[in-house]
Amino acid sequence: MNSLGIIGGGQLGMFICQAAKKLGIKTSVLSESEEFSARNFCDQFFVGKFNNFDILNNFINSANFFTIETENIPLKILEKIASKKKLFPNPGVIKICQNRLKEKKFLNSLNNIKTAKFFNIDSFEDLKKNLKIINNNGILKTSEFGYDGKGQYKIRDGKIDKLKGLKLKNFILEEILDFDKEISVIVCRKNEKIISYPVVENIHRDSILRETIYPANIDNYISKKATEIAIEVANKINLNGILAVEMFVMKDKSVLINELAPRPHNSGHWTMDYCEISQFHNLINTIFFELPKSPKPISSCKMVNVIGSEFLKKNEFEENFKFYDYFKKEIKDERKMGHYIVKI
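If you count the sequence shown from 1, position 81 lands on 81 in the working numbering, and the numbers rise without skipping.
Just so you know, these hints were derived from the structure itself, not from any lab.
Hints may be right or wrong, so weigh each one.
[What the hints assert, rightly or not] For lysine-lysine, the following DSSO-like pairs were computed, each having C-alpha atoms within a straight-line distance of at most 27 Å:
#, residue 1, residue 2
1, K225, K236
2, K328, K21
3, K150, K95
4, K224, K313
5, K76, K95
6, K162, K114
7, K293, K150
8, K76, K154
9, K26, K86
10, K80, K26
11, K193, K236
12, K150, K190
13, K86, K313
14, K105, K26
15, K80, K95
16, K86, K117
17, K114, K95
18, K236, K162
19, K154, K105
20, K225, K26
21, K328, K26
22, K132, K150
23, K313, K296
24, K236, K80
25, K302, K313
26, K26, K84
27, K49, K84
28, K302, K49
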């Protein structure tokens with residue numbers, strides 16, 4: 001019987017498990033914590049540090065194929081899995097996407113692909129020097145292990161006193177862009193066949209995605225350009241799996257890439273209810289079956305994330321919307337607790 005191992009047990013892992021079950025595929029999950037969303041939705045659940053090789057070997061033996069729900073996994077762990085079984089995507093893709101500096105360098109090596117200006121920062125001298133190039137305004141980020149605004153520091157007017165406690169090693173400084181909109185495109189690729197989901201518009205607050213709207217309020221030129229960019233990146237990175245490409249639409253209608261995610265993405269959750277085939281179903285297709293044609297949306301819609309204490313309104317959400325609970329035991333500020341999707 002086909003079986004899938006998922007590295008990471010959060011809500012994305014949970015949704016992958018649910019999609020796999022519908023297609024008759026058994027799942028096993030490796031998580032570093034017992035209190036994770038996917039625990040009650042997989043066939044086998046392994047708990048332990050990723051570098052616990054006894055647990056890792058048991059996990060590797062539990063499935064035929066493997067995928068990730070987070071890119072924040074030590075490369076040596078990914079390479080060990082890939083040396084024994086098929087991993088989607090391959091470690092080379094994840095290696096690029098899990099490091100902001102490597103990702104930016106890769107993207108800027110491609111023709112007709114642009115990002116914000118960026119600088120490698122390993123000291124306060126680096127930071128001061130490069131801030132001057134971008135008018136003393138920028139966003140300082142850790143190169144690795146950052147998400148939902150974590151590990152990010154916005155700098156205005158060159159004021160860096162609040163950063164004095166940081167050990168500035170392996171950081172990246174990016175210019176602050178005066179963009180018009182944030183959008184994203186999700187693509188799936190297998191054996192050089194590639195399909196794309198429609199462009200969606202994303203609304204962030206405090207660096208956390210709050211809403212995704214389909215269709216994006218952009219003209220056809222920008223929509224076509226964004227899709228072409230996502231497909232180009234997937235081809236050049238030699239993707240085998242799913243990839244979300246987050247982008248900025250500038251006021252002159254140019255499109256710049258913000259970042260990549262080589263896994264299902266929060267901005268693709270709308271596909272669970274309002275697209276012919278969800279992003280999770282197509283990830284399973286990419287691994288086990290053939291890719292269909294690019295999926296067609298069913299209706300315009302909006303996906304809304306439920307963050308932190310907003311979860312206390314769970315009963316209200318369940319009465320009025322199709323609410324997806326992430327089954328997290330503790331409510332924390334800025335923590336994604338669930339989402340709902342509404343037709344618009």
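For each hint, the structure was consulted:
{"no.": "1", "hint": "K225 / K236", "verdict": "holds (16 Å)"}
{"no.": "2", "hint": "K328 / K21", "verdict": "holds (21 Å)"}
{"no.": "3", "hint": "K150 / K95", "verdict": "holds (20 Å)"}
{"no.": "4", "hint": "K224 / K313", "verdict": "violated (39 Å)"}
{"no.": "5", "hint": "K76 / K95", "verdict": "holds (10 Å)"}
{"no.": "6", "hint": "K162 / K114", "verdict": "violated (31 Å)"}
{"no.": "7", "hint": "K293 / K150", "verdict": "violated (36 Å)"}
{"no.": "8", "hint": "K76 / K154", "verdict": "violated (32 Å)"}
{"no.": "9", "hint": "K26 / K86", "verdict": "holds (16 Å)"}
{"no.": "10", "hint": "K80 / K26", "verdict": "holds (22 Å)"}
{"no.": "11", "hint": "K193 / K236", "verdict": "holds (13 Å)"}
{"no.": "12", "hint": "K150 / K190", "verdict": "violated (32 Å)"}
{"no.": "13", "hint": "K86 / K313", "verdict": "violated (42 Å)"}
{"no.": "14", "hint": "K105 / K26", "verdict": "violated (38 Å)"}
{"no.": "15", "hint": "K80 / K95", "verdict": "holds (14 Å)"}
{"no.": "16", "hint": "K86 / K117", "verdict": "violated (36 Å)"}
{"no.": "17", "hint": "K114 / K95", "verdict": "holds (20 Å)"}
{"no.": "18", "hint": "K236 / K162", "verdict": "violated (39 Å)"}
{"no.": "19", "hint": "K154 / K105", "verdict": "holds (21 Å)"}
{"no.": "20", "hint": "K225 / K26", "verdict": "violated (38 Å)"}
{"no.": "21", "hint": "K328 / K26", "verdict": "holds (23 Å)"}
{"no.": "22", "hint": "K132 / K150", "verdict": "holds (24 Å)"}
{"no.": "23", "hint": "K313 / K296", "verdict": "violated (32 Å)"}
{"no.": "24", "hint": "K236 / K80", "verdict": "holds (24 Å)"}
{"no.": "25", "hint": "K302 / K313", "verdict": "holds (18 Å)"}
{"no.": "26", "hint": "K26 / K84", "verdict": "holds (19 Å)"}
{"no.": "27", "hint": "K49 / K84", "verdict": "holds (19 Å)"}
{"no.": "28", "hint": "K302 / K49", "verdict": "violated (37 Å)"}
Checked against the numbered hints above, the structure breaks hints 4, 6, 7, 8, 12, 13, 14, 16, 18, 20, 23 and 28 and satisfies the rest.
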